[in-house]
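Numbering (this note's numbering), first residue to last: 17 to 190.
I should point out that these hints are in silico values taken from the structure, not numbers from a laboratory. Accuracy of the hints is not assured; some may be wrong.
[Said to hold, decoys possible] Ranges of calculated distance between the beta carbons of each label pair, as one might list FRET restraints:
(1) 22 <-> 87: 26 to 34 Å
(2) 97 <-> 20: 30 to 38 Å
(3) 173 <-> 87: 22 to 30 Å
[Unchecked claim] Below, a list of computed lysine to aspartate or glutamate pairs in the EDC-like style, where the Cα atoms sit at most 20 Å apart:
(4) 86 <-> 109
(5) 86 <-> 61
(6) 86 <-> 53
(7) 86 <-> 63
(8) 86 <-> 100
(9) 86 <-> 137
(10) 86 <-> 60
Ideal placement from N, C-alpha and C gives every residue a C-beta, glycine not left out.
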Amino acid sequence: MTLSQQLLEEQEIAYEAEEGQYTEEIDRLETLPLAFEDGSWSVEDVEWIVRWKSSRSIGYFERNGPEEVKHLVDDALSANSVSEKVNILTRLDGVQVRMASAILLFVNPDRFTVLDWRAWDVLHENGYLPDEMPDDPSVEDYLLYLGVCWAIANEYDVSLRTLDMALWALGGDE
């Protein structure tokens with residue numbers, strides 16, 4: 017398969033049909049960036065993101081105290097670099113690099129995308145990424161992935177979120 021603007025836009029529609037939380041996801045993508053920007057976000061908002069990305073992680077995430085979540089997320093929001101943001105978020109129980117990328121998506125969907133094995137596989141199979149995704153991706157792996165996604169979104173004139181949804185849909189079954 018060759019990526020194209022048409023294919024990516026068609027697969028965004030397929031994502032909507034496949035993803036059970038699509039409506040709430042879209043609602044959260046419209047409200048959470050502003051909440052993170054103005055400081056009105058809640059620990060429950062972050063818990064929702066954790067469940068959205070991987071419900072298996074919620075038990076680990078719930079080990080964090082609300083003050084710790086507030087403190088570390090605020091620190092990540094004020095950090096200057098992507099790697100610093102990810103490193104801070106991964107200090108939370110239940111948050112590894114992939115989960116940190118999901119939190120960042122809801123902070124700014126125009127700048128961040130979710131590190132996901134389905135999407136990574138599509139990019140690897142199409143020659144955009146040299147290797148398969150590691151079992152435990154590093155911050156550097158996310159930076160590579162994010163840079164590739166920025167370039168592809170720019171090349172095919174689609175939003176980063178459209179690309180993310182399309183790659184997830186193209187990645188097939190979990």
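For each hint, the structure was consulted:
Against the hinted window of 26 to 34 Å, the Cβ-Cβ separation of residue 22 and residue 87 comes to about 45 Å, which falls outside the hint. Remark: the range hint 30 to 38 Å for residue 97 to residue 20 is upheld by a beta-carbon distance near 32 Å. Distance hint check: the CB atoms of residue 173 and residue 87 are about 39 Å apart, inconsistent with the given range 22 to 30 Å. For the hint linking residue 86 to residue 109, the alpha-carbon distance of about 13 Å falls within 20 Å, and the restraint holds.
Restraint check for residue 86 and residue 61: the C-alpha separation of about 11 Å stays at or below 20 Å, so the hint holds. Straight-line distance between C-alpha atoms of residue 86 and residue 53 comes to about 13 Å, which keeps the hinted pair within the 20 Å bound. Under the criterion of a C-alpha separation no larger than 20 Å, the hint pairing residue 86 with residue 63 is consistent with the structure, at around 12 Å. For the suggested pair residue 86 and residue 100, the alpha carbons sit about 17 Å apart, so the restraint of at most 20 Å is met.
The straight-line distance between the Cα atoms of residue 86 and residue 137 is roughly 34 Å, outside the 20 Å bound, and the hint therefore fails. For the hint pairing residue 86 with residue 60, the CA-to-CA distance comes to about 11 Å; that is within 20 Å, so the pair holds.
Violated hints for the displayed structure, listed by number in ascending order: 1, 3 and 9.
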